[in-house]
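**Q** Listed below, chain by chain, are the residues.
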Amino acid sequence: MASICMYFQVHQPLRLRKVQLLRMLSGGMPSSPMDAYFNRELNEQVFRKVAQKCYLPTNELLLKLVEENGGDFRFSFSLTGVFLEQCRMFGSDVLDSFRKLADTGCVDFLAETYYHSLASFYRDRQEFDRQVAMHHEAIKSLLGVTPNVFRNTESIFSNEIAARAEAMGYSGIVAEGTEAALSGRSPNFLYRPRGCNRINALMRNYPLSDDVGYRFSSRAWKEWPLTAEKYAAWLANCDGQCINLFLDFETFGEHQWSETGIFSFLRHLPSECLSHPNLNFRMAREVAEWDARGEIDVHAPTSWADNERDLSAWLGNDMQRACFDELQSLGDSAMRQGGETLSAWRLLQSSDHLYYLCTKSLADGDVHKYFSHYQNPYEGFINYMNIIQDFKSRLGGV
Amino acid sequence: MLGWEYPPSITGGLGVHCFELVSHLAALGVVVDLYLPRQRGKISSPHKNVRLIELGGNTVRVGAYGNIISMPLDSNYPSDIVGTTDEFAKLALASVRESNVHYDLVHCHDWLTIPAGLMVRDFLKKPLVLTIHSTEFDRNPVPWNWISDIESLGVRSAQRTIAVSGRTRAHLMEKYGADSAKVCVIHNGIDSEKYVHRQEQSPHKEKLVLFLGRLAHQKGPEQFLRAAKRVLDHQRNVRFLVVGDGPLLPRLLSLAIELGISDRVTFWGFVPENEKLHIYSHCDAYVMPSVSEPFGITALEAMASGTPCILSKTSGVTEVAKNCLVVDFWDVDEMASQLLALLRYPSMSRVMSQHQLVEVRALGWRQTAEKTLRVYNEILGII
Numbered sequence: 007m008a009s010i011c012m013y014f015q016v017h018q019p020l021r022l023r024k025v026q027l028l029r030m031l032s033g034g035m036p037s038s039p040m041d042a043y044f045n046r047e048l049n050e051q052v053f054r055k056v057a058q059k060c061y062l063p064t065n066e067l068l069l070k071l072v073e074e075n076g077g078d079f080r081f082s083f084s085l086t087g088v089f090l091e092q093c094r095m096f097g098s099d100v101l102d103s104f105r106k107l108a109d110t111g112c113v114d115f116l117a118e119t120y121y122h123s124l125a126s127f128y129r130d131r132q133e134f135d136r137q138v139a140m141h142h143e144a145i146k147s148l149l150g151v152t153p154n155v156f157r158n159t160e161s162i163f164s165n166e167i168a169a170r171a172e173a174m175g176y177s178g179i180v181a182e183g184t185e186a187a188l189s190g191r192s193p194n195f196l197y198r199p200r201g202c203n204r205i206n207a208l209m210r211n212y213p214l215s216d217d218v219g220y221r222f223s224s225r226a227w228k229e230w231p232l233t234a235e236k237y238a239a240w241l242a243n244c245d246g247q248c249i250n251l252f253l254d255f256e257t258f259g260e261h262q263w264s265e266t267g268i269f270s271f272l273r274h275l276p277s278e279c280l281s282h283p284n285l286n287f288r289m290a291r292e293v294a295e296w297d298a299r300g301e302i303d304v305h306a307p308t309s310w311a312d313n314e315r316d317l318s319a320w321l322g323n324d325m326q327r328a329c330f331d332e333l334q335s336l337g338d339s340a341m342r343q344g345g346e347t348l349s350a351w352r353l354l355q356s357s358d359h360l361y362y363l364c365t366k367s368l369a370d371g372d373v374h375k376y377f378s379h380y381q382n383p384y385e386g387f388i389n390y391m392n393i394i395q396d397f398k399s400r401l402g403g404v
Numbered sequence: 189m190l191g192w193e194y195p196p197s198i199t200g201g202l203g204v205h206c207f208e209l210v211s212h213l214a215a216l217g218v219v220v221d222l223y224l225p226r227q228r229g230k231i232s233s234p235h236k237n238v239r240l241i242e243l244g245g246n247t248v249r250v251g252a253y254g255n256i257i258s259m260p261l262d263s264n265y266p267s268d269i270v271g272t273t274d275e276f277a278k279l280a281l282a283s284v285r286e287s288n289v290h291y292d293l294v295h296c297h298d299w300l301t302i303p304a305g306l307m308v309r310d311f312l313k314k315p316l317v318l319t320i321h322s323t324e325f326d327r328n329p330v331p332w333n334w335i336s337d338i339e340s341l342g343v344r345s346a347q348r349t350i351a352v353s354g355r356t357r358a359h360l361m362e363k364y365g366a367d368s369a370k371v372c373v374i375h376n377g378i379d380s381e382k383y384v385h386r387q388e389q390s391p392h393k394e395k396l397v398l399f400l401g402r403l404a405h406q407k408g409p410e411q412f413l414r415a416a417k418r419v420l421d422h423q424r425n426v427r428f429l430v431v432g433d434g435p436l437l438p439r440l441l442s443l444a445i446e447l448g449i450s451d452r453v454t455f456w457g458f459v460p461e462n463e464k465l466h467i468y469s470h471c472d473a474y475v476m477p478s479v480s481e482p483f484g485i486t487a488l489e490a491m492a493s494g495t496p497c498i499l500s501k502t503s504g505v506t507e508v509a510k511n512c513l514v515v516d517f518w519d520v521d522e523m524a525s526q527l528l529a530l531l532r533y534p535s536m537s538r539v540m541s542q543h544q545l546v547e548v549r550a551l552g553w554r555q556t557a558e559k560t561l562r563v564y565n566e567i568l569g570i571i
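These protein sequence lines are chains A and B, in that order.
So for the first sequence, our numbering puts the first residue at 7; every next one is plus one.
So for the second sequence, our numbering puts the first residue at 189; every next one is plus one.
Keep in mind that a hint or two might mislead.
What follows is a list of derived Cβ distance ranges for each label pair [as the list claims (entries may be wrong)]:
id	chain 1	residue 1	chain 2	residue 2	range
1	B	N333	A	E229	34 to 44 Å
2	A	E229	B	K464	51 to 61 Å
3	B	Q542	A	N203	38 to 48 Å
4	B	P460	A	S32	36 to 46 Å
5	B	S345	A	P36	55 to 65 Å
6	B	G354	A	S224	25 to 35 Å
7	B	Q542	A	D135	29 to 39 Å
8	B	R562	A	K236	51 to 61 Å
9	A	K228	B	Q542	33 to 43 Å
Capping the alpha-carbon separation at 35 Å, the derived lysine-lysine pairs in DSBU-like fashion look like this [said to hold, decoys possible]:
id	chain 1	residue 1	chain 2	residue 2
10	B	K382	B	K313
11	A	K24	B	K395
12	A	K375	B	K395
13	B	K510	A	K375
14	A	K398	B	K230
15	A	K24	B	K501
16	B	K395	A	K398
17	B	K464	B	K417
18	A	K398	B	K501
19	B	K510	A	K228
20	B	K370	A	K398
21	A	K366	B	K230
22	A	K24	B	K510
23	B	K510	A	K59
24	B	K510	A	K55
25	B	K559	A	K228
26	A	K375	B	K559
27	A	K24	A	K59
28	B	K501	A	K55
29	A	K59	B	K501
30	B	K395	A	K366
31	B	K393	B	K417
32	B	K313	B	K236
33	B	K236	B	K363
34	B	K393	B	K314
35	B	K559	B	K501
36	B	K510	A	K398
37	A	K366	B	K363
38	B	K501	A	K366
39	B	K417	A	K375
40	B	K382	A	K375
The hints are simulated quantities; they were obtained by calculation from the structure and are not laboratory data.
Idealized CB from N, CA, C, for every residue including glycine.
Take these sequences, add in the hints, and give me the full structure.
**A** Spelled out as structure tokens, the structure:
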């Protein structure tokens with residue numbers, strides 16, 4: 007018997023305004039950093055578009071599927087704090103749709119860094135703890151769920167990060183099922199990260215996850231078209247404790263448009279899977295409590311991004327590292343000032359701002375371009391660095 | 189092949205293109221006779237498969253894009269250009285007829301050699317290939333009708349037209365109603381090995397920003413100076429180099445004075461090819477603010493030197509050069525902001541420079557010649 011552990015990542019970046027260096031140097035910036043940096047109009051427009059194409063229709067379908075299957079269809083979400091902030095600004099209807107799902111008791115919510123940041127690599131270790139605590143509280147108060155599985159930003163994982171999550175009391179942590187970590191073993195088991203005593207790693211089964219997330223609509227793929235029946239048969243053939251299918255929520259209706267048949271796929275997935283006697287669905291919180299079957303030893307951090315599955319999507323070139331270092335160095339001053347200044351500093355930490363500056367070419371470059379609203383990484387860098395410099399000058403030139 | 193200019197005395201991309209093209213075609217086994225008006229300097233063949241045939245004495249005035257200013261200031265043509273293209277055509281026809289060589293096809297370049305290309309084609313009854321390096325609409329704010337008429341005739345008469353960029357191809361279809369099936373794009377290349385690499389730690393006290401091109405409206409030197417002024421308002425230790433010659437020089441000199449930046453701008457004048465190889469490597473940024481640039485080989489030259497580039501969006505080179513900043517040629521505030529960013533944020537210069545050097549390696553003239561040969565083979569039915 008293998009349990010299907012599906013979790014959907016829900017995030018929407020807060021895109022930055024265009025900040026021209028000349029205007030900045032001429033003193034033409036708005037007094038509020040939030041107004042000066044974040045493009046409210048664009049963010050609202052994108053959020054509403056995605057709400058209509060993805061969040062609302064998918065949640066409606068998921069709710070129906072949960073009700074139809076009387077508790078046998080279960081899954082998990084991870085909502086970033088940046089997404090929750092945008093629900094507050096542009097989409098109480100979207101938040102309500104998640105609340106309804108939470109109320110069924112069949113839907114779990116994971117913990118993560120509130121700001122979708124790379125704070126796990128900060129010299130000041132407390133900032134990471136604070137952001138995780140903020141997110142934990144937000145999920146508790148907004149959705150009534152106390153998370154017990156931790157998912158670091160972009161599934162960034164290492165022994166050390168697992169140990170920190172364990173120290174915060176989490177039972178499970180999400181990791182990418184890379185070959186390096188598994189060395190030939192199946193991702194469909196729980197593993198104990200080296201150095202940890204209690205926490206279990208849920209390894210993403212990336213081939214099966216990407217069949218839906220990336221390949222679903224690709225006509226060049228030999229398995230196209232992928233039906234729920236075929237996919238369920240693949241899952242039924244897997245052995246192990248849990249098949250971890252971790253997907254970007256926007257797979258439904260946004261990356262894979264409705265016309266590709268993705269909703270019909272989702273519509274039939276639970277019943278097709280449940281028709282196999284050796285398959286069931288479990289939430290991440292349930293799976294995390296089972297016994298680990300082995301150990302993994304991950305020193306160099308892994309992630310779920312790009313072919314490299316490492317940190318190179320965010321910290322791969324000098325421009326990215328310069329922005330990361332510069333922003334990190336402003337932490338103490340931002341903390342002293344608090345209020346809107348501190349919020350702006352934290353919102354600027356979203357890993358998306360670094361992701362846009364990635365200069366890796368080949369296939370991954372195209373993925374970065376798909377997500378970016380900049381013409382190229384250089385334009386993205388100038389804008390982000392201009393904003394960091396403006397922020398620095400507001401702090402009184404640290 | 190019918191050309192107009194040939195190194196060392198060249199004024200634009202056409203001359204470089206012809207030289208590199210015949211050199212690499214020859215290496216691919218193509219035997220080329222290149223007919224040219226008599227050049228100012230001594231020229232020599234790059235390969236045993238290439239024969240250079242210079243025509244005329246002083247009757248044909250070389251310098252397609254020269255800087256004689258008896259015509260309106262913005263004009264790119266010497267005053268006696270009228271008639272020289274027909275003169276060249278007659279000489280080319282006579283020479284081809286006399287040579288008695290069996291040619292498989294005729295390839296001509298730009299409007300200057302279209303009359304010759306048509307006459308030779310009619311005599312030999314062989315296919316004509318035409319490469320368009322720029323159109324009259326790119327070169328002159330007010331296009332000369334008799335030139336655009338020749339271009340239109342050439343594009344409609346040639347079996348195949350090669351445009352140096354997608355942008356130029358679109359112009360040919362839009363302005364001259366060219367048949368899209370008969371116009372293909374083959375981008376220019378670069379011999380990147382020749383260029384001296386820029387040192388990350390500049391030996392110069394001042395930051396150097398380069399403009400290099402003909403001083404004509406098309407190239408946007410005025411926008412360069414206006415952007416310079418805005419940069420200098422915020423950062424003084426920058427010198428702006430204007431390399432090149434052209435009809436706008438007097439106007440640009442006055443503009444620099446008017447803007448109060450004449451102490452920060454150096455007008456360098458015309459620079460021969462061998463010196464150009466070094467200039468880019470001394471500069472911290474290269475700006476190509478062209479109003480209309482069919483391709484823009486200088487951008488590849490700067491990239492081959494590892495010098496970060498700011499390129500006008502209306503330039504064909506941006507179709508192949510991705511590791512650059514792009515800007516609207518009229519947006520001098522944005523141009524200045526990008527320059528200030530390049531000067532202030534060394535991590536960007538470093539990353540851009542590294543990626544440019546890799547990028548240009550894939551943009552060799554060899555590829556240009558191979559694609560051109562493919563066009564020849566297609567027309568001649570060779571698979």
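**Q** Which numbered hints does this structure break?
**A** 1, 8, 10, 14, 20, 21, 33, 34, 37
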